[in-house]
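> Given the sequences, and given the hints that come with them, work out the whole structure.
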Amino acid sequence: MTTAALELIDLRKSFGKTEIIRGVNLAVGESERHAIIGPNGAGKSTLFNLITGRFPQTSGEVRLHGNNLAGKAPFEINRMGLSRSFQITNIFPKMTVFENVRCSLLWSLGYKYNFWSMVGRSRDLTEGAEQILDQINLLNRRDLPAGTLSYAEQRALEIGITIAGGADVIMLDEPTAGMSHSETDYIVELIRTVTVGKTLIMVEHDMGVVFGLADRISVLVYGELIATGRPEDVRADPKVQEAYLGAALEAEH
Amino acid sequence: MTNPMRDNQITTDPSKPAQRMRAGSMSTKVLPWVIAGAALLVLPFVFTNNSAITIMNQMAITIIFALAYNMLLGQGGMLSFGHAVYAGVGGFACMHVMSNTEFFAMLPLPALPIFGGLFGMGLAMIIGSFSTRSAGTVFAMISLGVGELIAACSVIIVAFFGGEEGVSGNRTYAMPFFGNEFLQQIDVYYLIAFWLMVSALLMYLFSRTPIGRMANAVRDNPERAEFLGYSSRWVRYYSFIFSGFFAGIAGGLFAINYEIVTEENLNTASSGVILLVTFLGGVGFFFGPIIGAIAFTLLQTVLSLQTELWAFYAGALFLATVMFFPGGLAGLLMMHVPAIKLGNASKLVVPYITTLIPAFIGIMGVSALVEMTFHVRHSSVGDEEMTVFWTTFNSHDLLPWAVAIGVTVVAFGIMRKMLPSLRAAWADANTSKGGAA
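Protein chains in written order, with this note's numbering: chain A, 1 to 253; chain B, 1 to 437.
Treat the hints as calculated values from the structure; they're not laboratory data. Take these hints with a grain of salt, some might be off.
To be verified - Footprint (simulated), chain A over chain B, 3 or more residues, beta carbon under 8 Å:
| # | region |
| --- | --- |
| 1 | 202 to 210 |
| 2 | 215 to 222 |
Stated by the list, open to error - One-sided and incomplete, this derived list gives chain B residues near chain A with beta-carbon spacing under 7 Å:
| # | residue |
| --- | --- |
| 3 | L228 |
| 4 | Y230 |
| 5 | S231 |
| 6 | Y238 |
By construction, the Cβ of each residue, glycine as well, lies at the ideal position given by its N, Cα and C atoms.
In structure tokens, the structure reads:
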């Protein structure tokens, strides 16, 4: 069996006495699109932050292509090939759209802490950034400050920034949060095209969003995975219906 | 699949934006530098007397220092309260090179500032290694602490800082540079002008490099930068080191120009001044600190000949900038770009005149009141005659006070009356004819 792109082994996180993530085990294979869903407060974002090194875990392991990520800073994890987006739009609002994407290309194109070459003259940067802008359909917003874009456009830009670095494991934290139906359809389609051949792990509140997109779905409830499997199986799982859909139905009434 | 965002966008030619950017950029980028270089060459022929050249020397040194400071504040998002330390240490280093007569006799004077730069950079490497761990309050507090610490060292480590009287030297002992011994102020002017061009150009180019772009990214959103593979701390550290280098160059030029460096060059007051200069000019644009340095040096030199209270006015100007024009003088200028692009700049001329003239008279009235108060409180007993704005009168009479107060109130009153028309004109000038801009 090949090593999983991302593997969580008995991952736990406590804030004070409260255990938020209570022993999560999960293996996501190469090129798999995996969605983690769950009701509000299930710990989805915390799980995300543990994987990407934003918080240190209390115990357990996170493995990226078999390498333990314990104690690694976010920038180191990123260099190992994992990139993420944020639930609250997290871009560089004062810079232009083009500049946002170009910055996200710098490290992966090997510029590192270079202080002797001009970014404006590097064709690989300009062309690479424009290619990404084309993919996310923001080419005609190129020279606007990113902060002036519409909400959906900013979310698209954030996805662009996340994939630009060429990471093979992409993590998206509620990419469609706060969007209208047509915007959600648009973003889901965008995610589908830009993550071809990559491993995608996305957190979603809304099961409907991920249904057509994900190869497998995991359901997180109160810090534990209660089910993992193909979308149809997960939907049919009585435990899921009870814990998640039941809660969702309650919330609707 | 429908694409809701694309449908209602104005479609330009998406295949060509890069070329469009590049084609126009070359001439518009080089031109300002050519003009600046030419101006630096010609200025001494326009302002020929020695005091003008002294002022220009001071201006140029302040410009380099302010640009270096803005690498931190404007581009890197680091607020330093102790940046004079790097300029000061660079200056002291250069004074010691000057004192080492044997070595100095083999060194052409124009190369001396490099030693200042290297010492400033060296110190920045040490201090930055722990101060750039975070930006924000922690960085500001460390910079203040280090500033105080090194200023205090000046009376402890006398061998380097020369105690209270500082270190002095003689620049003419350097190896003659093509026969020039830099005896005249004008010779020093060209030396400083050369370094100004070189430093400003290098600092500008730095902002265009990958690390310079990431400095902006880290300033705006350090966390996002981390998730793009960059350590925010290293990015800040690099900016800090480069800033220390150019601050040290400024310090070295100070040493050459004044031939004495004292504790005053690195104390917290000097650090405060450079913050003020940079902010006054505007941190958001590369040329902001240049304008700030010119304006501040003029205030400091020209205004200080007119009034003892120049620092009061400088403070008031700074306050007004922070409160009303946070973009500084550069921001104020650049605000007009949209109106000019729309071809509407002429619409602003009349409202500006009708508003700014009363505002100017009002400010003159206030300053007259300030000067009169100062005169009444501080002149010696019996000396009741004073001159303000070419008018000589008795500061203890009632009439001048009544006039000054009257003028101030009426002028500001008119200004307030005129403000709505200026606002309307502003809105009008920034709206394109075809509707919303």
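> Please go over all the hints and tell whether each is borne out by the structure.
Now the hints, each set against the structure:
no., hint, verdict
1, 202 to 210, "holds (count 5)"
2, 215 to 222, "holds (count 4)"
3, L228, "holds (5 Å)"
4, Y230, "holds (6 Å)"
5, S231, "holds (5 Å)"
6, Y238, "holds (6 Å)"
The structure meets every hint from the earlier list without exception.
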